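Those protein sequences? They're chains X and V, same order as listed.
Numbers in our numbering are just positions in the first sequence, counted from 1, shifted up by 1418.
Numbers in our numbering are just positions in the second sequence, counted from 1, shifted up by 1418.
What the hints contain is simulated information worked out from the structure, not anything from laboratory work.
A few of these clues could be false.
Copies of the same chain are indistinguishable here, so a pair counts whether it falls within one copy or spans any two.
Claimed, not checked - Simulated pairs of lysine-lysine, DSS-like, Cα-Cα distance not exceeding 27 Å: (1) K1567 with K1439; (2) K1569 with K1439; (3) K1712 with K1567; (4) K1712 with K1439; (5) K1567 with K1664; (6) K1569 with K1709; (7) K1464 with K1665; (8) K1439 with K1665; (9) K1673 with K1464; (10) K1569 with K1464; (11) K1673 with K1462; (12) K1569 with K1665; (13) K1664 with K1439; (14) K1464 with K1567; (15) K1462 with K1665; (16) K1665 with K1712; (17) K1712 with K1569; (18) K1567 with K1673; (19) K1665 with K1709; (20) K1462 with K1569; (21) K1567 with K1462.
Predicted model only: the values in this text are computed from it and were never measured.
So you can see what is in the structure, the chains are spelled out below.
2 protein chains.
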Amino acid sequence: MAGTERNTARGEFALIDGILKPLAAGTPAALGLTDDAAVLTPAKGKDLVLTKDAMVAGVHFRESDMPGDIARKLLRVNLSDLAAMGAEPVGYLLATFWPEALPLSWIQEFADGLGQDQEEFGIGLLGGDTVRTPGPLSLSLTAIGEVAKEKALRRNGAGAGDLIVVSGTIGDGALGLLALQEELADLDPTEQEYLEDRYHLPNPRLSLGQALVGRATSCIDISDGLIADIGHIAEESGLAAVIQWKKVPLSDAAKIAVESDDALVERVLTGGDDYELAFTLPLDQRDDLVKLAKEGGVSLAIIGEMVEGEGVRVMQEEGVEMPISSSGWQHF
Amino acid sequence: MAGTERNTARGEFALIDGILKPLAAGTPAALGLTDDAAVLTPAKGKDLVLTKDAMVAGVHFRESDMPGDIARKLLRVNLSDLAAMGAEPVGYLLATFWPEALPLSWIQEFADGLGQDQEEFGIGLLGGDTVRTPGPLSLSLTAIGEVAKEKALRRNGAGAGDLIVVSGTIGDGALGLLALQEELADLDPTEQEYLEDRYHLPNPRLSLGQALVGRATSCIDISDGLIADIGHIAEESGLAAVIQWKKVPLSDAAKIAVESDDALVERVLTGGDDYELAFTLPLDQRDDLVKLAKEGGVSLAIIGEMVEGEGVRVMQEEGVEMPISSSGWQHF
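Chain X extracted, bound-state conformation (with noise of 0.2 Å):
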C-alpha cells in the first residue's frame, strides 16, 4: 500500500529521479519537471500526433538485454508510430514500474540510453511518473510530435491501383528474435548478430514519414508483421492488397537465413518487429520514389498494388498464391 511505500521507498525514490531528471533538462516545456504537468505551446498550423506504448521484461525485451538497449527499443517503437504519421517527434513522458532488486546503477545505463537517443532524434523528457513494482520492469511512454494540420499519414486513404512500398528490409526483426532463442544456429555470428542488432535497435523512419506527408495516401508501421500491417491498410482503405513475395526486400543475413530453411519465409512475412514504413503511392508518382528514398536516408521496395476486393494475398511468383497460416500479430 502507499502508506508502507511511503516509509520505506522515498530516499531512493529521490535516487531515481535524480538519475531521470537530467533527461528533461533541454526540454523547456518540462518546467523542470517541478510541476504537477509539462506545459506545451503547440507550434502554428500544426497538429499534435500522440502515441503510448507499453513494454514488459520477460514479455516484450529479456531481462538479460542490455539497459540502454532496453529504453532506446521502448523510445524508438514509439517514435516509429510518430514516423507512420508523418509527424516529426517533440518529446515523451515516461512511467516506469521498477521492481525492488534493479540496481541503481542499471537505471543510470538506462538512462543514459534514453539520453541518447534524445540526441540523435532531437527530442527530450517532458514528465511521468516513476514507480515500484513487486513484479517484473515495465514501462509505458507516449510520444508526441508535430505534423502540418489536417495532413497526418492515415491507415484509410489508399486507392485501387496505389503502389505498396516498404522502406529497408523486411523480416530482420523477426528473424534476430529466432537468433535470440538461438533457433538459428545454422547461421553465421556475423550474420545472427546484425538480424539481433535489428531485433535490439529498430531505426525509426521520422524522414521518410515526414517526406510521405502529402504524397502517400496510406502509411503503417510495421510492428504486427508485413501481412498484418497491410491488412490495416488494407481494411481501413476498404480495398485488398496483393504482394509479390520476389519483390519483397531481403537483407543478407534474412536471405540466406530463407534459403537454408523455407519455413522462415512465413516468419519473414508475418514476425513483426522490423518498424520500417509500408505504405501507398498513387502509381502517378512512381517516379518520386528516388527522390523520396534520398529524403528519407533509406531504400525502397515496390512490392505490390492496392486492388479491389478486401484482404491480403501474398503471390509466390506470377498467378500462385501463397499459403499463409497466420497473418501476424494485432493489438489495441
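Guided by the hints, dock chain V onto chain X, whose structure is given.
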C-alpha cells in the same frame, strides 16, 4: 517473449480491445483507434498540459478494490494534476498491463468506470496500449488538458505575504487508507465509510483550478501530503510557508478521528491522497475567495501565509510550533 505472446494471447487481446474501443468513440482525435497514433488539433491560443501517472495493484491500490473505482481513481489523480495547472481536460491515453488471471468481466467493469468518468468530465480515450504481464495489474495514464497560453498555474509564483488557501477538507484520504487497514476501529462505521470513499474516489478540482488562472500566484494538488506539497510551493517560490493547524479544514469524520487520537494530526498533515488544491493568493485578493469558492464548487479555507525564509512551519497555536517528524511523500 513477443513470439510466444503472438501465438497464445491474440484472440484474448482482441476481446480486451473490444471492451476498451468504445471509450474512444466520442473522441474524433482518437481516429477510432485505427491508426498508429492520435491526432489532436490544438485549440487556438492555448497551451497543452500533459501529465502521466502510474499505479500498481498492491502498491497504489488494493487488489480487492472495485475495478470501476480503480479506473476512476487512475483517471482522477491525473485530472487533479491538470486542475493544479488550471487546465481543462481534453483526453487521455491509457496503457494497461493485464495479469493472465484477470477475467474479462473485471476488465469490463474497469472500462465502465472509465466510461462513467469520461461523461462526468467531458473527455474521451485518445489511444494507448494493451499488454500482458506476469506481474500485478499495472496502469499508466497520460492526461492532456488545455490552458490559456502562458497562463498555466505554476508552483514558483508565490510572493511573501500571499495567503495560503486549500480547497475542501484535508487528511480524509490518508485517514481513509487507515480505515481500510482497520486501524481506525474506534470510529463509527459511517465515518469510516466516508473517509474510505474519499480515499477511493478523489474529486479533481477542475473548476476551481480553471477559476484560479490569472488569480492564484501558485497552485499544487495535495497528493504527497499537505506539508510536502506546500513545501514544493515554498521551495519553488524561494519562500517559507507558515500554516496554522487550527485553520486546516477537517471533515467531521476527520475531526472525530483526530480528537480520539492525537497522533493522527501528523497523519492528516503529511498523509497525502487528498487531491484538493493548495494555492497562494495575494492578500489584496482575499475578498475574491467567496467568488472563487462558488466558481470552484468547493469550500476554501485560508490556512496560512507565505513569508521570507525557507521550509514549512505548522503552528499549533500562536507562537507555538508543532513538531513534525516526517514531511510526507515525494515522487518524480
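So, going through the hints one by one against the coordinates:
1. Taking the closest pair of Cα atoms, K1567 and K1439 come within 27 Å of each other only across two copies (25 Å); inside a single copy the shortest separation is 32 Å, beyond that limit.
2. Proximity of K1569 to K1439 under the C-alpha cut-off of 27 Å is restricted to the inter-copy arrangement: shortest distance 24 Å between copies versus 34 Å within a copy.
3. Only within a single protomer do K1712 and K1567 lie at most 27 Å apart by alpha-carbon distance; the minimum there is 25 Å, versus 39 Å between protomers.
4. Taking the closest pair of Cα atoms, K1712 and K1439 never come within 27 Å of each other, the shortest separation being 37 Å inside a single copy and 38 Å across copies.
5. Proximity of K1567 and K1664 under a CA criterion of 27 Å is satisfied in neither setting, with 38 Å inside one chain copy and 54 Å between copies.
6. Taking CA atoms no more than 27 Å apart as the test, K1569 paired with K1709 passes inside one copy only; the shortest distance there is 20 Å, against 44 Å between copies.
7. In the homo-oligomer, the alpha carbons of K1464 and K1665 never lie at most 27 Å apart, since the shortest distance is 36 Å inside one protomer and 48 Å across protomers.
8. In this homomeric assembly, K1439 and K1665 never come within 27 Å of each other (Cα to Cα): the closest approach is 47 Å inside a single copy and 36 Å across copies.
9. Proximity of K1673 and K1464 under a CA criterion of 27 Å is satisfied in neither setting, with 42 Å inside one chain copy and 52 Å between copies.
10. When the C-alpha separation of K1569 and K1464 is checked against a cutoff of 27 Å, the pair qualifies both within a copy, at 9 Å, and between copies, at 21 Å.
11. In this assembly of identical chains, the alpha carbons of K1673 and K1462 never lie at most 27 Å apart, being 46 Å within a copy and 52 Å across copies at closest.
12. For the identical chains of this complex, K1569 and K1665 are neighbours neither inside a copy (29 Å) nor across copies (55 Å), given an alpha-carbon limit of 27 Å.
13. Taking identical chains as interchangeable, the C-alpha atoms of K1664 and K1439 are never at most 27 Å apart, the minima being 49 Å within one chain and 37 Å between chains.
14. In this assembly of identical chains, K1464 and K1567 lie within 27 Å of each other by CA distance both inside one copy and across copies; the values are 5 Å within and 16 Å between.
15. For the homomeric pair K1462 and K1665, neither the shortest alpha-carbon distance inside one copy (41 Å) nor that between copies (46 Å) is at most 27 Å.
16. Taking CA atoms no more than 27 Å apart as the test, K1665 paired with K1712 passes inside one copy only; the shortest distance there is 20 Å, against 68 Å between copies.
17. Taking identical chains as interchangeable, the C-alpha atoms of K1712 and K1569 lie at most 27 Å apart only when both belong to the same chain, with a minimum of 21 Å there against 43 Å between chains.
18. Proximity of K1567 to K1673 under the C-alpha cut-off of 27 Å is found in neither arrangement, the shortest distances being 41 Å within a copy and 54 Å between copies.
19. Proximity of K1665 to K1709 under the C-alpha cut-off of 27 Å is restricted to the intra-copy arrangement: shortest distance 20 Å within a copy versus 70 Å between copies.
20. Taking CA atoms no more than 27 Å apart as the test, K1462 paired with K1569 passes in both settings, with 14 Å inside one copy and 18 Å between copies.
21. Within a single copy, K1567 and K1462 get their C-alpha atoms as close as 9 Å, and across copies as close as 13 Å, so both meet the 27 Å cut-off.
The structure is inconsistent with the numbered hints 4, 5, 7, 8, 9, 11, 12, 13, 15 and 18, although it conforms to all the rest.
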